[in-house]
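Assembling the complex is the task here: the two chains are given apart, and the hints tell you how they should meet.
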Amino acid sequence: MCEACGCGATSLGVNDTETVEILGRLLDANDRTAAHNRAHFNSHHVVAFNLMSAPGAGKTALLETTIDALRSEYRIAVIEGDLATENDARRIRARGIPAVQITTGSACHLDASMVHAALHDLALAELDIVFIENVGNLVCPASFDLGQHRNVVLLSVTEGDDKPAKYPVMFRTADIVLLTKMDLAPVMDDFDTQRAEDAVRNLANAAPVVALSARQAMTLVTWTAWLRGEVTTIRAGHDRRSGTREANHGHHRPAMA
Amino acid sequence: MRRSRLKAPTIMHELSICQALVSQVLTLAQERAASSVRQVRIGVGPLSGVEWQLLQSAYPLACAGTRAEGSRLEIEHTELRVRCRSCGIDSVVAPNHLTCTACGDWRTALISGDELLLLSVELEIADQKEELARV
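Chains as they are written, first to last, in this note's numbering: chain A, 1 to 257; chain B, 1 to 135.
It should be emphasised that the hints constitute simulated quantities derived from the structure, not laboratory data.
This structure is a prediction, so every number in the text was calculated from the model and none was measured.
C-beta: ideal position from N, C-alpha, C; glycine also.
Honestly, I wouldn't trust all of these hints.
[As the list claims (entries may be wrong)] In silico lysine to any residue, SDA-like type, Cα no more than 20 angstroms apart, as pairs: (1) 166/A <-> 56/A; (2) 166/A <-> 114/B; (3) 166/A <-> 72/B; (4) 166/A <-> 221/A.
[As the list claims (entries may be wrong)] Here chain B is said to cover these stretches of chain A; the calculated rule only asks that three of the stretch's residues, wherever they fall, bring their Cβ under 8 angstroms from a Cβ of chain B: (5) 38 to 51; (6) 198 to 207.
Here chain B stands alone, though its shape is the one from the complex (with noise of 0.2 angstroms):
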């Protein structure tokens, strides 16, 4: 009881953020008359505070009995990078040492790595000639 309480919150936060992908994508789909969706590519950084294997397992389940059921999802992670507001130099680095690698300062800029981005989407059309010919 304990542990499925514990679990729970975790995945939820994850399946939200899949549900707004999901009627973001099937907005698109019914805006460009798509008979289903093949492919979902979405960009998602180290700060981005989802865990990508979360969304993953996610996605079916904010897909069900929708036009975009069965379709892929595609993650491309970002890289975590800083300016130093103080030499200038850019880093790459973790989650939790956003200070310059140069310099050591921690005053730094965060210039990609948090992303949760919508990058693009593969839509199936009917094609209208076919169905026109076959009317």
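If we strip away everything but chain A, and leave its shape as in the complex, we get (with noise of 0.2 angstroms):
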């Protein structure tokens, strides 16, 4: 019968429709992307770690300090995502620390491709640790896996402690929160640090929430702490975290060997 109206008429020459079950993330591509560039960490005992916050929550700066901070212990090297300019890319290489800038146009985020582009511009077997600072925006990022092995979300005190309860999806991609500019708390005295905390937690998130000002060098010292234990956990190939999104999804993490 004709599918147009009904009419009786077999209409020649019709085509035949096949519907196809799948099962598969919208995101495959990039999440195979992201496992090649997880497995390129790994072969060079390399730990990533992506930087995500809001624009102007303190990524560069807090970058510039722990550098500092670690640079004696570890070989660092930073890949700078940025909608335009090469600005953050100039502050960390001042520092004498390599850096490659890929700069987005008009993309909101980054995702595993750039960041497989610019790995091929980093000398992994000299390095250490490498931190990728996302395009500053709380909503884009979160959806792309770039083949890090832990996630940084930072808050500003400038921002509000409310933050964790209007971007749910990052905040509970964080394995570590930094409320950022807490030099700015006695100005900013409507933040509260136990607010923020909550918010997280209602996020069924037990990451470490931990407060900091990057001009203060000694309010680093539990972020420090923290990076030294999931380097050496993750280069111990002890990574046993679950709730991943390949742990969802039924692949292997790759361990280091």
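In structure tokens, the structure reads:
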């Protein structure tokens, strides 16, 4: 019968339809590239941290002081994501640390293939830690696995302590939440660190919530201790974290040899 | 100027996801020798990180000029559900409040709600017998 009007005429040359049932992730291609990046990192015993936050939360400033604190212990490089400029990469290079700039143009996030291209500009064999500074944005970067081992999410006191409730997808992915610009806390007296931590717990996230200021090196102690611990754990191949994207979808997180 | 700058990134993220979706669909259409794509069904959870309305408006852009042009995108919304690690009860919850509704403990495991899945594709296959008959 004619499908269009039910007139009973059998139309010649009508096409068949076939419905194919699939159950695959929409970002399957990105996830495969991310796994490939992670394998690159692992084969060189490099640990990768993905830093995400709103624009201006202080990712670059945090990296500058973190580099100063850790450079005698680890060989560090930075992959910088930015919409338009090389400013952040320049700031990192000024400290004598290799930095690869990815200019995303109008894209609001880094994806795994951009990071893959950047990896080929880094001498991974001569590195211990790669920090990936994502594009300042609390929405889009949360959807794209880059091949990092850990997610670091920054929340500056000037943004308000309810940010985790407003951006649950981002803050749920955090392996550590850093409350930055704490030197401004005395003037930002409506920011309550406990409320910020409660908002993270409401996302069923047990990640440590650490208050610090990139301008006060002594406040970085807990953060740098966490970094050292994670580097040791990941390098030892004792990465038994559950609930990661890969664990959820039945793939194995490649362990380091 | 400033407004368009702020707006573009939000759309871009859903557009890149749509492009990834359409490229998967086109690969499938090619494999099955389909002449066109009629409908694509996806599953989107509240914690997937995408706005389904933006996906819906980005979809025709990603399909333009391909075998999927003119196809329909059907979105199934999945429920956000957690299981309490302390009392074992399942709750349906809001994206920014994943705590157990029975005992109030925040230590819960996500059961569903972060999906971004391709569920099915309806393809139009040229009838080969007809084609042969005509040749």
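Each hint, compared with the structure:
no. : hint            : verdict
1   : 166/A <-> 56/A  : holds (17 angstroms)
2   : 166/A <-> 114/B : holds (16 angstroms)
3   : 166/A <-> 72/B  : violated (31 angstroms)
4   : 166/A <-> 221/A : violated (29 angstroms)
5   : 38 to 51        : violated (count 0)
6   : 198 to 207      : holds (count 6)
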